[in-house]
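**Student:** Listed below, chain by chain, are the residues.
Protein chains: 2
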Amino acid sequence: MDRLTIIKVGGKVVEDPSALNAMLDQFVRISGYKILVHGGGNTASEIAGKLGIETQMVDGRRITSQSMLDVVTMVYGGLVNKKIVAQLQARGCNAIGLSGADLNLIHARKRPVKEIDFGFVGDVDDVNSRELRFLLNENVVPVVAPLTHDGKGQLLNTNADTIAAELAGELANHYSVYLFFCFDKKGVLMNPEDEGSMLHELSAQEFGQYQNEKVISSGMIPKLENGFKAKRRGVKEVLITNTENMMTGRGTRLV
Amino acid sequence: MDRLTIIKVGGKVVEDPSALNAMLDQFVRISGYKILVHGGGNTASEIAGKLGIETQMVDGRRITSQSMLDVVTMVYGGLVNKKIVAQLQARGCNAIGLSGADLNLIHARKRPVKEIDFGFVGDVDDVNSRELRFLLNENVVPVVAPLTHDGKGQLLNTNADTIAAELAGELANHYSVYLFFCFDKKGVLMNPEDEGSMLHELSAQEFGQYQNEKVISSGMIPKLENGFKAKRRGVKEVLITNTENMMTGRGTRLV
Chain A
19 MDRLTIIKVG
29 GKVVEDPSAL
39 NAMLDQFVRI
49 SGYKILVHGG
59 GNTASEIAGK
69 LGIETQMVDG
79 RRITSQSMLD
89 VVTMVYGGLV
99 NKKIVAQLQA
109 RGCNAIGLSG
119 ADLNLIHARK
129 RPVKEIDFGF
139 VGDVDDVNSR
149 ELRFLLNENV
159 VPVVAPLTHD
169 GKGQLLNTNA
179 DTIAAELAGE
189 LANHYSVYLF
199 FCFDKKGVLM
209 NPEDEGSMLH
219 ELSAQEFGQY
229 QNEKVISSGM
239 IPKLENGFKA
249 KRRGVKEVLI
259 TNTENMMTGR
269 GTRLV
Chain B
19 MDRLTIIKVG
29 GKVVEDPSAL
39 NAMLDQFVRI
49 SGYKILVHGG
59 GNTASEIAGK
69 LGIETQMVDG
79 RRITSQSMLD
89 VVTMVYGGLV
99 NKKIVAQLQA
109 RGCNAIGLSG
119 ADLNLIHARK
129 RPVKEIDFGF
139 VGDVDDVNSR
149 ELRFLLNENV
159 VPVVAPLTHD
169 GKGQLLNTNA
179 DTIAAELAGE
189 LANHYSVYLF
199 FCFDKKGVLM
209 NPEDEGSMLH
219 ELSAQEFGQY
229 QNEKVISSGM
239 IPKLENGFKA
249 KRRGVKEVLI
259 TNTENMMTGR
269 GTRLV
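Protein chains in written order, with this note's numbering: chain A, 19 to 273; chain B, 19 to 273.
For the record, the hints were derived by calculation from the structure and aren't laboratory data. Hints should not be assumed to be uniformly reliable.
Any copy will do: because identical chains look the same in the list, a pair fits if it lies in one copy or spans two.
[Claimed, not checked] Below are the SDA-like pairs computed for lysine to any residue, each with C-alpha atoms no more than 20 Å apart in a straight line:
#	residue 1	residue 2
1	Lys68	Ser83
2	Lys68	Leu87
3	Lys170	Gly110
4	Lys128	Arg109
Can you build the whole structure from these sequences, using the hints too?
**Tutor:** Structure below.
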């Protein structure tokens, strides 16, 4: 099967023009098929603040009211996504910006209300990769914003790590998929203050153990859960890394 | 050649949920290949206002500062575009949202500063329809936001009537193109207060004459100039109409 690299970059890279430029310079050098999935970062909260919309987070997840959904649709689907696309085109990379509604790419359902009402947050049901594969085959490079839809006209806000892992899991049926989660650390650290404590490999069993011992920070847990889920679905390699190292293969490899 | 219908809808339709729904109900019934081009309307000005960014218009054209460009990128490329895509998907229409940067679709240059500095406004250089035709062939329905790019990483704000006419002109090389400009009147009116004064046909010669006599309102002039330019490039039919009549062929036909 052909190689497909899926890079997920977080909000901190996207917000900082020089970090974004450096990342895109690396990204365009990746050979073979590739997809970029981006988060939104604090821009959404900043713009929401200026519009008088309060940002509420629970466990690092955004509570998405109707007005906050409009903000993330604007910021993730418009501002961030189109800027990245224009920057990739400037580098000769034929990018296309997509949300989960475009091409009916990612179908989700509104998260059921339990203890917390997350509002318009979507849990992914399925990925429809048919047209996406057509685009890849035409050497088009999809740039995916963390938005999904319910098929009934409702857009939903979905975590970008989840989007990347779900795309990777589905596309593993068609490609040899390499999934890189890029964030602001070199990899998974045993001690968040010490980059020397990075794990080179992490197994699902160790992950369970470290979770029980509470040595893995809560922010890393969804990323790792998504990564292990992708591995189980046949993704060839899942690496937790940063944008400086994404080309070298350094970071924490899930095994 | 196969028939391709390009519908341009203005901001007033896009802003009013019931008008938008009615338009989309009509749009999905159009047989053959189709493209929807949308304006942005006052939402951009409203959001800019809340963000403390002043809206400046000259002859109905928006002066686009860097911060206003961010707003139109958010509103046109994100909010309006993705909502329409999600609504079309709900109607079983496999839509994809595009700006002129996506797929390198519409290349433009920043308008030169003469008497007025329009800021980040783009005059279209060329349309690259290769991947667009590929999508149409897959029965995908493009929804195009009025944004272009300069190929050097800069997004630009471009009038939606111009986008529709430029797409129509280029695609007339490949399809039998029907271009409908939908706005809030039934067609071109000799007396803006009287819908009975609608012209059923308008020739380029008559248009020149009416312009000299100043009986055509200034807002209509760029729409008609774009329409006649598209006709000259081989577009089969150009109709100025409203969304209620777009399926019936009523309105002002350019001849």
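**Student:** Hint by hint, say whether it matches the structure.
**Tutor:** Hints and how they fare:
1. Proximity of Lys68 and Ser83 under a CA criterion of 20 Å is satisfied in both settings, with 16 Å inside one chain copy and 18 Å between copies.
2. Taking the closest pair of Cα atoms, Lys68 and Leu87 come within 20 Å of each other both inside a single copy (15 Å) and across two copies (17 Å).
3. Proximity of Lys170 and Gly110 under a CA criterion of 20 Å is satisfied inter-copy only: 9 Å between copies versus 36 Å inside one chain copy.
4. With identical chains, the CA atoms of Lys128 and Arg109 are at most 20 Å apart between copies only, with a shortest distance of 19 Å across copies and 37 Å within one.
When each numbered hint is compared with the structure, no violation occurs for any of them.
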